[in-house]
Amino acid sequence: MNWLINTLGSSVGKKLMMSITGFVFILFLIGHLIGNLTIYVGPDAFNAYAGHLQSLKPALRLMESGLIFFAIVHIFTGLILFYQNFKARPNRYEVNKQAGGRTLGSATMPYTGLIILAFVIFHLFDFTFVDKTGRTVYDIVAASFSNPVYVFLYIASVFIVGIHVSHGFWSAFQTIGINHPKYMPTIQTAGLLFSLIVAIGFGFIPLFISLIS
Amino acid sequence: MTQNINLTLKVWRQNGQQDKGRFETYEVSDISTDMSFLEMLDVLNETLTLEGKEPIAFDSDCREGICGQCGSVVNGRPHGQEKKTTLCQLHMRHFKNGDTIAIEPFRARAFKVLKDLMVDRGALDKVIQSGGFISVNAGGAPDANAIPVSGEIAERAMDAAQCIGCGACVAACPNASAMLFVSANVSHLALLPQGKLEAAKRALAMVRTMDACGFGNCSNERECEAECPKGISIINIARLNREFFKAGFFSHNE
Chain A
1 MNWLINTLGS SVGKKLMMSI TGFVFILFLI GHLIGNLTIY VGPDAFNAYA GHLQSLKPAL
61 RLMESGLIFF AIVHIFTGLI LFYQNFKARP NRYEVNKQAG GRTLGSATMP YTGLIILAFV
121 IFHLFDFTFV DKTGRTVYDI VAASFSNPVY VFLYIASVFI VGIHVSHGFW SAFQTIGINH
181 PKYMPTIQTA GLLFSLIVAI GFGFIPLFIS LIS
Chain B
1001 MTQNINLTLK VWRQNGQQDK GRFETYEVSD ISTDMSFLEM LDVLNETLTL EGKEPIAFDS
1061 DCREGICGQC GSVVNGRPHG QEKKTTLCQL HMRHFKNGDT IAIEPFRARA FKVLKDLMVD
1121 RGALDKVIQS GGFISVNAGG APDANAIPVS GEIAERAMDA AQCIGCGACV AACPNASAML
1181 FVSANVSHLA LLPQGKLEAA KRALAMVRTM DACGFGNCSN ERECEAECPK GISIINIARL
1241 NREFFKAGFF SHNE
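Chains as they are written, first to last, in my numbering: chain A, 1 to 213; chain B, 1001 to 1254.
Heads up, some of the hints might be wrong.
To be verified - Covered stretches of chain A (in silico footprint by chain B; criterion: 3 or more residues with CB under 8 Å from a CB of chain B, positions within the stretch not fixed):
hint : stretch
1    : 14-27
2    : 77-86
3    : 97-106
4    : 176-186
Stated by the list, open to error - Mimicking PhoX-like on lysine-lysine, the simulated pairs with C-alpha atoms at most 20 Å apart in a straight line are:
hint : chain 1 : residue 1 : chain 2 : residue 2
5    : B       : Lys-1112  : A       : Lys-87
6    : B       : Lys-1010  : A       : Lys-97
7    : A       : Lys-97    : B       : Lys-1084
The hints are simulated quantities; they were obtained by calculation from the structure and are not laboratory data.
For every residue, glycine included, the Cβ atom is placed at its ideal position computed from N, Cα and C.
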């Protein structure tokens, strides 16, 4: 087992863990967004979707456990990398200038990541760990989005998810070694498009619900 | 017709590793724009010496952009603002009369400041010593071209081999990571048949040594390739990652 600890514990190995867990969250975002689109069909379609999800209990539990495991790996590895990278330059530069490689997403990964963690916890307590007797999932969502503060919080949070993914998407490919002049430009464009789809796709839902109710 | 310029320099002065270091301001006048950046520092050092002051310590050797010895952070940019240029090849024509220029050493935990702008980049040598070579048995010289290498592979290997080990990638990286340097050296050898034999051992050893030297972790910020005086691409970092995973998961090396 030494070889596994040596490989994953190295700087490149830690990045591999960030990359693979990141890919899982990209898939999760796609699934979550597709499911959420049922809300545009109407409350019944949305409740039916939520009901179907719950009826898949064993599979759903397995997926949830998997997501929690991946989240723990992603967060802890990310924090270790953040700490090590901070320590790697004890004396900062007086003048800081960029050469054009850094982006808003890449420069803020640890910070957007921590905000996303706070948002996910808030989101779970808002919609998942709530008393569901006598009200449908749609009722819970609509009640939350009747408050403009919540609408703003959700929109701001999913935009931060978009910023995080704008770097994370192509970066995950680069880390596992997928970079070639033939297809890297496509991956980078796809990453930007995906982060826009995430930000707008999720972000429009609170606005939509608050407007129709 | 060249015009001479006057400049204000804010230079990092640090008298040895124990000193905390500080910026000192110097005025230099009548600098020819045909001078290189290092020649401009030479002029300043001459003045300082004549005044009985300690000249500014900085590294340089070939002064033609191929040895990798020079390098400081000029206005926040390793080797200055010009692309694919070492500090010795940065000419004063890129500055305007009256400019203020901040000059700092490369900063990283793995690079200790020895004095002023001089840094100890021995950590890069340690990384090379751990695997940046091929083992050749002594004996008669092998026949030329006995091992075929395609032109395309040779080109890519030589692109990676352009690394002069100046450390600008480490200086530019927000995480002070040496991944571009290590990846250039791993790629150069892994691409060629002579280097493939030891590829697994090399990738593991060089990454391990890099980590042990206290460099940061790569987070794909791409500042390194933007600052590299030889224009080495992060495609090499992707290759290093592949080589490392192949070695870590599938080779018999630990």
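Worksheet entry | Stated coverage of the stretch 77-86 of chain A by chain B [criterion: 3+ residues, CB within 8 Å] | Holds, because 3 residues of the stretch 77-86 of chain A bring their Cβ atoms closer than 8 Å to Cβ atoms of chain B.
- Task: Check whether three or more residues of the stretch 176-186 of chain A sit with their beta carbon closer than 8 Å to a beta carbon of chain B.
- Result: holds (count 7)
Annotated coverage of the stretch 97-106 of chain A by chain B, confirmed only when three residues or more have a Cβ within 8 Å: Holds, because 7 residues of the stretch 97-106 of chain A bring their Cβ atoms closer than 8 Å to Cβ atoms of chain B.
_Next pair to validate is B:Lys-1010 with A:Lys-97; report whether the Cα-Cα distance is within 20 Å._
holds (16 Å)
With a Cβ-Cβ cutoff of 8 Å, does the stretch 14-27 of chain A contain at least three residues near chain B? holds (count 3)
- Take a quick look at whether A:Lys-97 and B:Lys-1084 sit within 20 Å of each other, Cα to Cα. holds (16 Å)
Given the proposed pairing of B:Lys-1112 with A:Lys-87, does the C-alpha separation stay at or below 20 Å? Between B:Lys-1112 and A:Lys-87 the Cα gap is close to 14 Å, so the pair holds against 20 Å.
The structure shown violates none of the earlier numbered hints.
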